[in-house]
Amino acid sequence: MQANTLSGGFADPATQSAHAFRSVMEAMARPGTIQDIHGAVPPAPLSPAMGAVLLTLCDTETPVYLAGDMDCEAARAWLAFHTGAPFVGPAQCMFAVGKWDALTPLAIYPIGTSEYPDRSATLIVECSELAAGATLTGPGIKDQATLSLPELEAFQANRTLFPLGLDFIFTCGERLAALPRSIEVSRSSSEAIAQAGAS
Amino acid sequence: MTEYNFAYLDEQTKRMIRRAILKGLAIPGYQVPFASREMPMPYGWGTGGVQVSAAVLTPKDTFKVIDQGADDTTNAVSIRTFFQRTAGVATTTATSDATVIQTRHRIPEERLHEGQILVYQVPIPEPLRFLEPRESETRKMHSLEEYGLMHVKLYEDISRHGHIATSYAYPVKVEGRYVMDPSPIPKFDNPKLGDMAAIQLFGAGREQRIYALPPYTQVVSLDFEDHPFEASKADHPCGMCGATDSYLDELIIDDAGGRMFVCSDTDYCEARQSAGHKGKDAA
Amino acid sequence: MYVAVKGGERAIENAHAWLAEERRGNTDVAELSIAQIREQLSLAVNRVMAEGSLYDPDLAALAIKQAQGDLIEAIFLIRAYRTTLPRFGASEPVDTGMMACDRRISATFKDLPGGQVLGPTFDYTHRLLDFKLAADGEVPKAPSRDAGTATVPHVTEFLNREGLIEEAPHDDTPPPDLTREPLEMPADRALRLQALTRADEGFTLGLAYSTQRGYGRNHAFVGELRIGSVPVEMDIPELGFAVEIGEVILTECETVNQFTGSKTEPPQFTRGYGLVFGQTERKAISMALVDRALRWEELGEDNVGAPAQDTEFVLYHADNIQATGFLEHIKLPHYVDFQSELELVRKLRREAGAQQVQEAAE
Chain A
1 MQANTLSGGF ADPATQSAHA FRSVMEAMAR PGTIQDIHGA VPPAPLSPAM GAVLLTLCDT
61 ETPVYLAGDM DCEAARAWLA FHTGAPFVGP AQCMFAVGKW DALTPLAIYP IGTSEYPDRS
121 ATLIVECSEL AAGATLTGPG IKDQATLSLP ELEAFQANRT LFPLGLDFIF TCGERLAALP
181 RSIEVSRSSS EAIAQAGAS
Chain B
1 MTEYNFAYLD EQTKRMIRRA ILKGLAIPGY QVPFASREMP MPYGWGTGGV QVSAAVLTPK
61 DTFKVIDQGA DDTTNAVSIR TFFQRTAGVA TTTATSDATV IQTRHRIPEE RLHEGQILVY
121 QVPIPEPLRF LEPRESETRK MHSLEEYGLM HVKLYEDISR HGHIATSYAY PVKVEGRYVM
181 DPSPIPKFDN PKLGDMAAIQ LFGAGREQRI YALPPYTQVV SLDFEDHPFE ASKADHPCGM
241 CGATDSYLDE LIIDDAGGRM FVCSDTDYCE ARQSAGHKGK DAA
Chain C
1 MYVAVKGGER AIENAHAWLA EERRGNTDVA ELSIAQIREQ LSLAVNRVMA EGSLYDPDLA
61 ALAIKQAQGD LIEAIFLIRA YRTTLPRFGA SEPVDTGMMA CDRRISATFK DLPGGQVLGP
121 TFDYTHRLLD FKLAADGEVP KAPSRDAGTA TVPHVTEFLN REGLIEEAPH DDTPPPDLTR
181 EPLEMPADRA LRLQALTRAD EGFTLGLAYS TQRGYGRNHA FVGELRIGSV PVEMDIPELG
241 FAVEIGEVIL TECETVNQFT GSKTEPPQFT RGYGLVFGQT ERKAISMALV DRALRWEELG
301 EDNVGAPAQD TEFVLYHADN IQATGFLEHI KLPHYVDFQS ELELVRKLRR EAGAQQVQEA
361 AE
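Taken in order, these protein sequences are the chains called A, B and C.
Start counting the first sequence at 1; every next residue gets the next number (our numbering).
Start counting the second sequence at 1; every next residue gets the next number (our numbering).
Start counting the third sequence at 1; every next residue gets the next number (our numbering).
Be aware that a few hints might be false.
Some chain B residues close to chain C (C-beta under 10 Å, calculated; not the full set) [what the hints assert, rightly or not]:
1) Asn5
2) Lys153
3) Gly176
4) Tyr178
5) Lys187
6) Pro191
7) Asp195
Just so you know, these hints were derived from the structure itself, not from any lab.
Note that CB positions come from ideal geometry on N, CA and C, so glycine has one too.
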């Protein structure tokens, strides 16, 4: 077992996971806001934010799917040691972890049932940046918000499934943002202008 | 006996509750089942709210508890003491200073701000329960958006009494999708549900349900075009602070049945009194 | 002038102090020890363990002492304690066929392998107050003999050999865990049994009795009732095999029920099952009857609308900790909602009054 498998967890799980959860909750309740999250030092390719989210939400009761590069020995060993989460395929997962290209297409994840829409996967997406971007509207947002998204169509299609669908947490370094299924996304006006100019 | 964990609950239980809260925020108004634990206070006394508070509190929070709008009612005192003891959090009675407010039956008068969390104690989370006692049926009704029965009930009230005869726990529709029970707040408080900067979390321990309203969620009290929803209260000013915009308790003050009306929100009333406002019954 | 009521905190502290004093009672009387409760009120201890879902006679005795003998309050103390305990794993299913029986009776056979063993039962006592106990509780030693080592076979197995009783096929599916997952309808039998074993004894008894009187009748014979200790084994991953970690005393009741056949099943005997912590036979028999009544659907019987056939009704109302909490919460202040109702009733009366005046004028 590697030394960094055993280290990098929360030193004080009760309070560190409480702070980390508040960041995740604020992000999910206020889509488009970018929150700081600290306390985890996972091995690459997991970012500190990704590590903290997983430590906060995962345990033996939450099947996890590791996509693409994330499905490596270092990530598996670290998660297994610190959370005990079972590793599964995308169709059985409660949390999916990876970069956007490795996670798509989205049709393979559980989206819940009409009686239990909560039985759906949450995708934790490792991003190279978190910034302004697409325009977001919906619950949690006063007028409108903005967030950089890897693409638009997949999230627009996901919104049409509401109240079923997938929820997303985006991690980058020690920051995160979230996009629940309830949010409408559209190209921001500046992006739309750039697009029009390009064509 | 061994020492208890921060905020009483073990970490695995908190994770389970936290996951339910996130799903609740993602599907506003939908009741997420959760494996409620036995708490050291009885079911029906705020165990849902207590579990939600335990899952969201950090040591940096300032915690306020109200029951009927008041900080000094016995059950509010009991819950506040519980978290002082198990989480070591700072407590306050001032609405604006609190970061987490647990409430039973009221929404504070003062507008809440971003960064605050309002946690409701919910006895019966299912708004359709008194029309259909079976969980398997009400779950189907929600999935099919079959809310006709609720409208029939409200309309029967109107034809019989001239008014909708529901004065508290008045049902609302969230984001045009789920009909939700706002917990037994007086319908006077309903308009505050939608126009709210704080996160609202609802916990029903005995019934094992958590639901949520993210800030600024669209919340509409059910009504009819010819009978629009009306947020009503006793038509008096507060006897202590003179407020005309607050929800009032009616007190019997003498054996002859003399009455006075005072704010149910004790912090609101006291703040107004210290700012020099005076009602007709104030000393 | 009106002064708002304050001082909830002090009122609560004082109430607690008074309660502690009441619990202790007259200090001229010797204090009860936990050991005394455990040894001399063992059936109360058993009930608290069963409905508290925690097998620990000392903690149950402590809870009874702390609750001043209010068993539902004691069960509540145990439940609240058990939820905070970390879980190291799950035991292997216990094998009641390996039970060292203190008591084992069958109402369906006069005699059978393993014999009828009355054990320590109230059954044939005459319910006459024993005033000797008021003065002196010392008793002569009961006769004993060697227990023997042979295992005692289950009665229903004899019927099974003839094919006269429904098959109960072996099933290794892990059962759902009522204490870790929210109750979900429809509930399968494993979940129903789990809820029933910790259900309120009085509620379960009342429901079982109602089936005997015709509300979902399914005439039950006590095929077998056995009480005794069984070993509990747990798989230790590091060792790669299961080791015995202790023993628990259980009461098991298997009923054999008449069944003339249905659309889907041939005439045969059917089963009801009860398994409860401790010596708790009233509860175990009640559980078996209610279990059988709840099985109407899988056996293709008609739902006659009896309360004991209604899974949602039974499971959502059987837990005395949920029930007593919600029942007693109406003691809490509700004056905000009451005020809302007052305003409404006044308004409706005002309008009804105005209408009458108008009608009288017309």
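Hints and how they fare:
1. This hint holds: Asn5 (chain B) has a C-beta 8 Å from the nearest C-beta of chain C, less than the 10 Å allowed.
2. For Lys153 (chain B), the interface hint is violated, the least distance from its beta-carbon to any beta-carbon of chain C being 15 Å, above 10 Å.
3. Because the beta carbon of Gly176 (chain B) sits about 27 Å from the nearest beta carbon in chain C, more than 10 Å, this interface hint is broken.
4. Restraint check, Tyr178 (chain B) versus chain C: the minimum CB separation of about 18 Å is more than 10 Å; hint violated.
5. Taking 10 Å as the C-beta contact cut-off toward chain C, the hint placing Lys187 (chain B) at the interface holds, the least distance being around 7 Å.
6. Annotation: Pro191 (chain B) was flagged as interfacial toward chain C, and the flag is violated, the nearest CB pair being 15 Å apart, outside 10 Å.
7. Annotation: Asp195 (chain B) was flagged as interfacial toward chain C, and the flag is violated, the nearest CB pair being 21 Å apart, outside 10 Å.
The structure does not agree with the numbered hints 2, 3, 4, 6 and 7 stated previously, though it agrees with the rest.
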